[in-house]
Amino acid sequence: MYENRLLGFAYVSPFVVGLLVFTAFPFVGSFLLSFTDYNLIDPPAWIGAENYAFMFERDRVFWKSLSVTLLYVGMTVPLKLAFALYIAQILNFRLRGINLFRTAYYVPSILGGSVAVAVLWRYMFADYGVVNLILGAVGLDPVPWFGHPGWALFTITLLRLWQFGSAMVIFLAALQNVPSSLYEAAMIDGATKWQAFTRITVPLITPVIFFNFVMQLVQAFQEFNGPYIITGGGPLKATYLLPLYIYDSAFRDFDMGYGSALAWVLFAIIMVLTLIAFATSRYWVFYAGDKRV
Amino acid sequence: MRHAHLASLSAEARAEMRRTERRFLASAAVRYAILIACGFAMIYPLLWLIGASFKTNHEIFTEIGFIPGSPTVEGYIEGWKTSTEYTFTRFFANTFMILIPKVIATAFSSVLVAYGFARFDFPGKRILFAILIGTLLLPNVVTRIPQYLLFRELGWLDSFLPLWVPQMFAVDAFFVFMLIQFLRGIPRDMEEAAMIDGCKPFQVLLYIVIPILKPAIISVCLFQFMWSMNDFLGPLIYISSVAKYPVALALKMSISVTESFEWNRILSMTVLALVPSLVVFFLAQKYFIEGIATTGLKG
Numbered sequence: 010m011y012e013n014r015l016l017g018f019a020y021v022s023p024f025v026v027g028l029l030v031f032t033a034f035p036f037v038g039s040f041l042l043s044f045t046d047y048n049l050i051d052p053p054a055w056i057g058a059e060n061y062a063f064m065f066e067r068d069r070v071f072w073k074s075l076s077v078t079l080l081y082v083g084m085t086v087p088l089k090l091a092f093a094l095y096i097a098q099i100l101n102f103r104l105r106g107i108n109l110f111r112t113a114y115y116v117p118s119i120l121g122g123s124v125a126v127a128v129l130w131r132y133m134f135a136d137y138g139v140v141n142l143i144l145g146a147v148g149l150d151p152v153p154w155f156g157h158p159g160w161a162l163f164t165i166t167l168l169r170l171w172q173f174g175s176a177m178v179i180f181l182a183a184l185q186n187v188p189s190s191l192y193e194a195a196m197i198d199g200a201t202k203w204q205a206f207t208r209i210t211v212p213l214i215t216p217v218i219f220f221n222f223v224m225q226l227v228q229a230f231q232e233f234n235g236p237y238i239i240t241g242g243g244p245l246k247a248t249y250l251l252p253l254y255i256y257d258s259a260f261r262d263f264d265m266g267y268g269s270a271l272a273w274v275l276f277a278i279i280m281v282l283t284l285i286a287f288a289t290s291r292y293w294v295f296y297a298g299d300k301r302v
Numbered sequence: 362m363r364h365a366h367l368a369s370l371s372a373e374a375r376a377e378m379r380r381t382e383r384r385f386l387a388s389a390a391v392r393y394a395i396l397i398a399c400g401f402a403m404i405y406p407l408l409w410l411i412g413a414s415f416k417t418n419h420e421i422f423t424e425i426g427f428i429p430g431s432p433t434v435e436g437y438i439e440g441w442k443t444s445t446e447y448t449f450t451r452f453f454a455n456t457f458m459i460l461i462p463k464v465i466a467t468a469f470s471s472v473l474v475a476y477g478f479a480r481f482d483f484p485g486k487r488i489l490f491a492i493l494i495g496t497l498l499l500p501n502v503v504t505r506i507p508q509y510l511l512f513r514e515l516g517w518l519d520s521f522l523p524l525w526v527p528q529m530f531a532v533d534a535f536f537v538f539m540l541i542q543f544l545r546g547i548p549r550d551m552e553e554a555a556m557i558d559g560c561k562p563f564q565v566l567l568y569i570v571i572p573i574l575k576p577a578i579i580s581v582c583l584f585q586f587m588w589s590m591n592d593f594l595g596p597l598i599y600i601s602s603v604a605k606y607p608v609a610l611a612l613k614m615s616i617s618v619t620e621s622f623e624w625n626r627i628l629s630m631t632v633l634a635l636v637p638s639l640v641v642f643f644l645a646q647k648y649f650i651e652g653i654a655t656t657g658l659k660g
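Those protein sequence lines, which keep their order, are chains G and A.
First residue of the first sequence? That's 10 in this note's numbering, and the numbers climb one at a time after it.
First residue of the second sequence? That's 362 in this note's numbering, and the numbers climb one at a time after it.
The set of hints was computed from the structure by calculation and includes no laboratory data.
Note that the coordinates shown come from a computational prediction; the quantities given were computed from them, not determined experimentally.
One or more hints might be untrue.
[Unchecked claim] Straight line, CA to CA, 27 Å or less: simulated DSS-like cross-link-like pairs of lysine-lysine:
1) Lys73(G) / Lys613(A)
2) Lys575(A) / Lys647(A)
3) Lys613(A) / Lys246(G)
4) Lys73(G) / Lys246(G)
[Unchecked claim] Here are the simulated distance ranges between beta carbons:
5) Pro188(G) / Glu377(A): 42 to 50 Å
6) Phe422(A) / Ala58(G): 48 to 56 Å
7) Gly83(G) / Arg383(A): 41 to 49 Å
8) Ala402(A) / Phe206(G): 52 to 60 Å
9) Tyr95(G) / Met458(A): 40 to 48 Å
10) Ser617(A) / Gly57(G): 56 to 64 Å
11) Gly83(G) / Lys647(A): 32 to 40 Å
12) Ile579(A) / Arg67(G): 51 to 59 Å
13) Ala58(G) / Gly426(A): 27 to 35 Å
Even for Gly, the Cβ is constructed at its ideal location relative to N, Cα and C.
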């Protein structure tokens, strides 16, 4: 009945066109651009690997931005996943009002990426903002949330931690699928709660941990709105994540070639880490029906 | 003798039951305590925001609580006017001008493509599907600059076209993937029956597949609505004249310059910027949480 091959292709043709025009062409294009000097006025000039050479050898802003990015991702992803799993584990219980809590935790992640929430953060954590007022009320000194390089990145991280809801909902769905008979059997054998968690829960939800990990990783490397609106990358470039540097290079300085080169370096880092995650997944991700469990 | 033995056993069992009960209650109490403490921390920023938007500037700087001492809507009235020649009426209108065509285009193109993938066999299907999955993980950052150059060549800068047109081509693989997963779970019996009765595939799509897909299509529209409401980088790159600013850009503009000391104006507009998303979320909560839990979509 669905044997008309041409018709099938007709249905997916919008995707094929979109793929070629809005994904494949720009993908190849940015790679080529990264070997050029292009300022939108003069035609692109081929300069070989000059952009990359400058980036790695002389551009101190790049190294600063890269180290800040890695630090940010290294803080955000594990903290967010651990927190999401912890709360999901608590919610996975016969409690009244679970749905209410689930909603309360989920709302921030729905609003999270928006400019409005970044603006809210900027005012809450300002020098005279409500967070410092609360600290003052309990007798603590005000914290320079954005004024000090050490704190600023942490404040940005807090904004993303606040949005652990979507990862939590995915964890919760997985936890609810773990058969309770396994826990009962473990309790009869005298297992502690921690043993049950590490030996039963974690192995059974590794596919979801893997999924959340990769998604959060790819997202964290592309963080833009938070630092752009809250700190503008400062102070002293302490929150100048690579996406901000790419934006500034390409759309403020109109240095399309260098912006593309930066984008490709960021892309390469994301790709390599994702591939490592996939390659190692067969050692630590277990799927249902898998004999190694 | 035997009776006494049984009695003591059941006494022991009762004691054991009581212990289990107590453990359950203690555990429940701890869980509630943690959940309430964390929940409060999660919701507090939003409560504070709403409260502060009705406060005077002086009170925002000095009071911790979220209930305003002498509520005022001055922030809303002044904030709505902005320091530009436009009001937020214009910025909200722009936001919906961007959003509505985008959501409709996404729904249409994703349904067509998902139907093609889930039901038809055609040459190159496996490779195309693999590419579709691959683009799920492709970071946007790597395609953004050439896309900008493309739209610049076409003369589409400072218009809504760069934000609308890609959606007509199912560029968000997430939505296509979500619909394919949903369609795969549906038996083809009804479609086959309709075809035997002489329906063409397009009629089948229109009268059978789309009605069945309805909840999934609603999820697609809701997610696209939220993501587009939150989208900042797209308008930032493509839209340059204030007359065409959506709310996101207008908010960013208001914090950067003149009004930056008028906190209550900015916070009032921040509340309003969040209202559409919050309303849609609470009206359609179940689609979100089910959508995200069953397909593992990003939030």
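Going through the hints against the structure:
Proximity of lysine 73(G) to lysine 613(A) is assessed by CA-CA distance (about 26 Å); at most 27 Å being required, the pair is judged to hold. The suggested pairing of lysine 575(A) with lysine 647(A) holds, with an alpha-carbon distance near 14 Å, which does not exceed 27 Å. For the proposed pair lysine 613(A) and lysine 246(G), the alpha carbon gap of about 20 Å is at most 27 Å, so the pair holds. A C-alpha spacing of about 7 Å is found between lysine 73(G) and lysine 246(G), which places the hinted pair at or below 27 Å, so the restraint holds.
A hinted range of 42 to 50 Å for the beta carbons of proline 188(G) and glutamate 377(A) is inconsistent with their spacing of about 24 Å. For the pair phenylalanine 422(A) and alanine 58(G), the beta carbons lie near 53 Å from each other, so the given range of 48 to 56 Å is met. Checked against the given bound of 41 to 49 Å, the beta carbons of glycine 83(G) and arginine 383(A), roughly 43 Å apart, stay inside it. The supplied range of 52 to 60 Å is broken by alanine 402(A) and phenylalanine 206(G), whose beta-carbon atoms lie about 24 Å from each other.
Judged by the Cβ atoms, the range 40 to 48 Å given for tyrosine 95(G) and methionine 458(A) holds: they are separated by roughly 42 Å. In this structure the hint that serine 617(A) and glycine 57(G) lie 56 to 64 Å apart at CB is violated, the actual value being about 39 Å. Between glycine 83(G) and lysine 647(A) the C-beta distance comes to about 36 Å, which sits within the given range of 32 to 40 Å. Restraint check, isoleucine 579(A) to arginine 67(G): a C-beta distance of roughly 53 Å satisfies the suggested window 51 to 59 Å.
Between alanine 58(G) and glycine 426(A), the C-beta spacing of about 59 Å breaks the proposed range 27 to 35 Å.
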